[in-house]
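There are 4 protein chains.
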Amino acid sequence: MKSKKQYVASIRKSNAEAYLRGRRVKDVATNQFTSLALQGIGRIYELSSDPKYWDLLTRIGENGRRISAYCSIHRSRTDLINRVKTARLVCQETGVCTASRCCGWDAINALWHTTYEIDAHRGTDYHKRLRRYAGMMQSRDLTCAGALTDPKGNRSLKPKHQPDKDVFLRVVDQNRKGIVVRGAKSMIGGAIGSHEIIVQPGSGFSEPEAEHAVAFAIPLNAEGIVQIVNMQPGAERKMQEGFDKGNISYGSSESLVIFDDVLVPWNRVFMNGETEYTAELVTQFVLLHRMVLGGCLAGCGDVLTGAAALLAEYNGLSRQLSDRLTEMTYLSEALYSQALGAAYQGQPTPSGAWFPDPLLANVTKLSVTRLPYDIQKIAEDISGGMISCMPSELDLRNRRVGPFVEKFYRGGQGVTAEKKLRIARLIESMVAGPGRLGALCMHGGGSPAAAQMTIRQMADLEGKKDLAKKLAGILS
Amino acid sequence: MKSKKQYVASIRKSNAEAYLRGRRVKDVATNQFTSLALQGIGRIYELSSDPKYWDLLTRIGENGRRISAYCSIHRSRTDLINRVKTARLVCQETGVCTASRCCGWDAINALWHTTYEIDAHRGTDYHKRLRRYAGMMQSRDLTCAGALTDPKGNRSLKPKHQPDKDVFLRVVDQNRKGIVVRGAKSMIGGAIGSHEIIVQPGSGFSEPEAEHAVAFAIPLNAEGIVQIVNMQPGAERKMQEGFDKGNISYGSSESLVIFDDVLVPWNRVFMNGETEYTAELVTQFVLLHRMVLGGCLAGCGDVLTGAAALLAEYNGLSRQLSDRLTEMTYLSEALYSQALGAAYQGQPTPSGAWFPDPLLANVTKLSVTRLPYDIQKIAEDISGGMISCMPSELDLRNRRVGPFVEKFYRGGQGVTAEKKLRIARLIESMVAGPGRLGALCMHGGGSPAAAQMTIRQMADLEGKKDLAKKLAGILS
Amino acid sequence: MKSKKQYVASIRKSNAEAYLRGRRVKDVATNQFTSLALQGIGRIYELSSDPKYWDLLTRIGENGRRISAYCSIHRSRTDLINRVKTARLVCQETGVCTASRCCGWDAINALWHTTYEIDAHRGTDYHKRLRRYAGMMQSRDLTCAGALTDPKGNRSLKPKHQPDKDVFLRVVDQNRKGIVVRGAKSMIGGAIGSHEIIVQPGSGFSEPEAEHAVAFAIPLNAEGIVQIVNMQPGAERKMQEGFDKGNISYGSSESLVIFDDVLVPWNRVFMNGETEYTAELVTQFVLLHRMVLGGCLAGCGDVLTGAAALLAEYNGLSRQLSDRLTEMTYLSEALYSQALGAAYQGQPTPSGAWFPDPLLANVTKLSVTRLPYDIQKIAEDISGGMISCMPSELDLRNRRVGPFVEKFYRGGQGVTAEKKLRIARLIESMVAGPGRLGALCMHGGGSPAAAQMTIRQMADLEGKKDLAKKLAGILS
Amino acid sequence: MKSKKQYVASIRKSNAEAYLRGRRVKDVATNQFTSLALQGIGRIYELSSDPKYWDLLTRIGENGRRISAYCSIHRSRTDLINRVKTARLVCQETGVCTASRCCGWDAINALWHTTYEIDAHRGTDYHKRLRRYAGMMQSRDLTCAGALTDPKGNRSLKPKHQPDKDVFLRVVDQNRKGIVVRGAKSMIGGAIGSHEIIVQPGSGFSEPEAEHAVAFAIPLNAEGIVQIVNMQPGAERKMQEGFDKGNISYGSSESLVIFDDVLVPWNRVFMNGETEYTAELVTQFVLLHRMVLGGCLAGCGDVLTGAAALLAEYNGLSRQLSDRLTEMTYLSEALYSQALGAAYQGQPTPSGAWFPDPLLANVTKLSVTRLPYDIQKIAEDISGGMISCMPSELDLRNRRVGPFVEKFYRGGQGVTAEKKLRIARLIESMVAGPGRLGALCMHGGGSPAAAQMTIRQMADLEGKKDLAKKLAGILS
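Sequence order for the protein chains is U, S, B and E. Quick note, the first sequence lines up with residues 1 to 476 if you use my numbering. Quick note, the second sequence lines up with residues 477 to 952 if you use my numbering. Quick note, the third sequence lines up with residues 953 to 1428 if you use my numbering. Quick note, the fourth sequence lines up with residues 1429 to 1904 if you use my numbering.
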């Protein structure tokens, strides 16, 4: 497995074409915004090299060598449970979404199953390709972004009716070497810190839309790939020195990844036109994501709860705010417990890969779009008006006004203004900044409406009606 | 194991002294209110005799014989998980709380652990007595009510300061044969349908309160025990013929069980004065209950969702109300998934008995005091004003007005008024009647405040503060 | 104006044909259920005779004589404001919905406006008839039920496609004397305690549905009118002696009122076929109702808050529960304040009658379908498990078990068991009994969905888009 | 009255000592951050010069001249109602909090009353001074910040026990010319765009804390006053060119205002040591603020609803998202209606100044700390993941990647990427940027806990208990 240092060096070396605020990112490892995103993912490499975390963060691969769990296939109920625990741990340690490693993990699992199914019914050899790809990913300990979301254009039109067909990524050509793809994938978490990207269809497609039914993996520095690293709310803060960024060590990132006629070699193509499997592939991918989010948000919730508790302590208000801190704890644990339930009820597929219970994973996702907002709100309540307006570190360092900041922001019991400002900035970043929970929880893994649609489909209302009929004495 | 018929006969025969609405209950099996409560518990006996449910509802006892799960000790993580699944199943089948069997189950598990601990530190032989008692309970397939709640008098006073000490059950005498207890236990679910009652301290007691630190089991027809079967909201409906009772086959019950100087033989005494174990005993008992409730409310939620879906269908509104039915499903499954998480994270004690994760079990309980209210509200929204005002079955059967009821309550597609009224009455009973979810979920297993207190104690705020400090760069 | 005694006597004398639980109600003033409903309405007569309440409860009629406000036309902003205040007062005093007087009040106001409009455009003389009717209503101080809701049959079909056209009330014949109507109106609040019923269309009708476009007033003892008094959840309690009914003095009622070919004289017909005014009539009627509910639920909320505070006090827990009592207060006042806002923003129509702001009245209604559920839930939380299971008064009076009830239900500071049980039964009746807030607030004045539809129509999204465009610098 | 241009020029000229991010603000009118804050307040001057808005935004002063409403005393119920309407209008027009003008308005009203009371009981001449000051404020059309919040140090200590007494602003000296004050006021909305600051005690003080019982007005460029303009979450965006700031024309600001031994002439001192009036002064000030916030948040809610509706339209999803837009509308109007209710129930004081109903104003405030969070959440739900991650304007303008942004962010029906990005950035700024509703609503006018405390005090639980007793038949 790679060390954190090796990881950063390898990404730096790959030098993918990326833009941020209209300028080419020259060195991802020194650019103030992207370097924090790399540190976030890098923390996973760092933790994985510590035997204390091997149970959660590593697996023994097919060849008997220790591999990163992030490159593994879920082979048991325990693997699913540990997936949730891993998410909570990493979010506790980083306070941010390190989406790319997770999405790549989701992607190879979803493809493991789907390629197996396609091959079984179509006689193709996608699964063999995928196994080989997974082996390479494991042995080189790669971080692979997972890509689903197409730009979609006018959302009231189906893909086949879009004036510009490229708003859904598609195959525009194929030749002896491979396929040529055009389009884009948007909101790709962690792409700037990833070696490769694993692309899947963004939705279920019907037969006349076969050109869009494509899945593949490709290095992000391949010719024709251009990234635009998005500007998150408040992300400018991340580009400054000092503690005003709140979370001073880690960051997240999302990119628009453009495929400007990119050649994908055949051995990296995992679906090409099999529209009837697109919905299933999407479903299995998001299932994992929707379950895992319960762990992620619990972990971020832990950090925010701790920060709020600390500010309360600095202000001498621990006792008065104890009820609200309890509620924050409750909310995080409720998410975690739901995710564990979804994991426990998971089942294997014929391919050998395990997936969470589809109903409970979507239920977890729906909770994830709600409870973290309450966590944020309570943190803001506890923190007082300060979160929305406080002096900057530059004021604290200024000769004229610094002493005033020190004097008037001091807490109780010898707590310096700097301590109070640091923790308040951390809360700010998680409530109203680039690391706010809402960014992670509302649309990650799909919208609430998508989760609701799945819950509706799986609700078994007819079975429930029968229960009611029996109790009410209705015979037919 | 007993058949349902044998169960009912055995309870009838025991002829415990019980009062309902100021009158002695002469025959529990024919009294209109109590007979429905017996049917609820009886349904568990009925299901247990069907091999289809053996996985969930039975275990193999120490002597190799099949016993009811309700008399068993949890010996694995799977046992805890199955406990939750059992609760959901039984509530789906009955639509009511069959509390006594569950509370007896909780009680022998909590005592299994606590007696083991007391013996280990005090050299007593409570655990041996308890094992023998459990063996008898298993072989005779008994339903044992579990009792915790003392009347408490003035709640702002500690037990030792109460003017009337009996408001906390206590030992008033002891002799060669056993101990003599006085006091009462209130809100004892299913006592009227139980063979015995297992009594535990209602709270943690301090040393000067040793007389209250008592646990034991006793048949409900023992001399000196008097029950008052409580009148639930709307319970009069249960005492009528016909379908207006909504849930026409099953009911629940709760009793005030009075101990008017009752002699308890020594072999049935499981704690007697060991105050330092009282808090632990209460804790382990409620832990199980608080986890299990997630399953119960999911099961009752399923029935109510089915009933609401059916009424929507009868009114021709299935499509329009589909979003709200989805939300009801979400809420039930969220409770279930949380309970599964709490079970999965369970751990064994030195006694060999497993208990749920204490934090997650209390988190589940807190959710249980909230989400079911939303389920009820949506059911009421879906059902229209009818739930609060509709003709009675007697109107439907009346020669003069019956035809009007039939004409004006008819649904779409040949749905008769009777069908609509039956399902509406079922909803009524679960939203505003004796079977309403709120009755089960708010105070069952303790109040929301009690769950919050435990969550506060287990929140590990210091650990969370450390996470936040690291991310904010605060060194100490 | 009538005294309460005269009111009761006049209703008794009218002896309308009514059925309850399949039996003819022989004397509404002595029947245990209906008499309480009469007391509820009667309390308005009683309060109105006290000069202290004249500001709110009376007006000076056109002839200079003092009349009941309940028979008046709103002629100013202050009248609307006072309407809300009256609702709160009466609900504080009775703890129940006294719907009929309110709905009749709504009805004459809605008809005042609509008949004026019809006459203005159609040259009819409905308004003159209505004025004359209102004069008679005022001088005889009548309680008139207001009727809107048709049975509707299959709700996915329009009235004109119903297999049985009578599921929407309609004119089946007309002659020299008047019109003949057939059908029913359901969930008619307070009909059993009303002199007359004012019938309006239950929804907007289109031209081919002209037979349903009918409004009129008729005494409830007219030939062909049959009432079925509905059985509310838990209403059996109301038919018992003693305090277990909770609210011992007052009750509410709702009836299915059947029109079995009833002749309505021409001078009592206020609309007959003018379909294009049906939607407007419904709208104006429900506007008043939707605003007023804010006052009603605040008043009932006050009672429930007081009851919960009292039980907390009896249990010695006032201090610990103070936060939750504050939240209950907040919820009631939020409803009240919204209703006042809706009233303040009211406007007059050309007829001279004032109506609330349509957007804010519907907003109030939507709040009314939500906040009272929280009030109920907190009351249940505060009250402990007792609300769902307690001994009956008959147990307290029983020689054998009465002393136990007294001993074990005693509160702190000399509070007798009876006091505790009385207040707990009052809470029960408002949380899970016939007087529960949910019954009043969810569907009274229309469903939440109906309020949402109106809010959608009045939201002026285009105006709001323009605001946003300006701030974002979007030119077109 | 001043024109907007005159206003900006006058502030620029005053050249108060202010720091932003550690540097002296040299020219408030050109500094990118502060100039937007000036534009926000300036918009009020602009609107006030348009006769269309005179009803709301102006009054006729004592001398018969038209003055800004923002400098007026509330002299009627209508003035209070118009205060709420004004708040909504200005927030609709600017999308931001223009706090200083409002807080100055609150302050002169609160002081109008309190100085009147002090003079009446103490024979002082504060009220005369205040009247003169108000006259000057009116004739020069000043914007006066209103200051309340002290830094407070260790919040578990009372002012008199603070190690550094300056954490509550205080009088350190007084001489012939006036008093000398030391300390700071934090989170002072709009100070950077204000001519003067009106300072009041930050809480109720007891007698030994007389040095803190001080109220006065002083120009912000007075010697010894230093401002630190706070860095809001995401405020860096405001310092960039272009549309990424979302709200391109307006901003808000808050300052820490330091009083480093500032001399306040006697004619500007309105309280000096009268501790027994401090609580009352605070109360009257916040009452106005707490009511007004209902209008502010409704106005900002309107903008955010419009923006969300526009993005839905651009994405071709107006129909699908209609329910959620309706809910947003409901939430804004509920706040507005509550505020109107609080205004309507207002009462005059002996001084002639009117104040809102204290209970309903606090109820409005509590709603204001809750409902806007739901508005934000729905906006984020509607907007999709874009709000949290989208390209910057600089990407759109870049030659290499601009065409990709244009291609992949285009909406339906010829909607350009720029339009979509502009409206998405506006939503971002109101959900997760410097203009987010949460910043305005949670702690503006005091914390939710402060509002709850007042509601508790005014709840009249005893009166409510009496209502309940009567209905339950409890005699004493």
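Just to be clear, a hint being listed does not mean it is correct.
What the hints assert, rightly or not - Across the chosen pairs, the derived CB separations fall in these ranges:
| no. | chain 1 | residue 1 | chain 2 | residue 2 | range |
| --- | --- | --- | --- | --- | --- |
| 1 | E | 1776 | B | 976 | 31 to 41 Å |
| 2 | U | 416 | S | 633 | 39 to 49 Å |
| 3 | B | 1271 | E | 1903 | 21 to 31 Å |
Unchecked claim - Each computed SDA-like pair below joins lysine to any residue, with the alpha-carbon atoms no more than 25 Å apart:
| no. | chain 1 | residue 1 | chain 2 | residue 2 |
| --- | --- | --- | --- | --- |
| 4 | E | 1898 | B | 969 |
| 5 | S | 480 | U | 466 |
| 6 | B | 1422 | E | 1593 |
| 7 | E | 1848 | E | 1780 |
Worth flagging that the hints you see were computed from the coordinates, not collected in a lab. Ideal Cβ placement from N, Cα and C applies to all residues, glycine included.
Any of the earlier hints contradicted here, and which numbers?
1, 4, 6, 7
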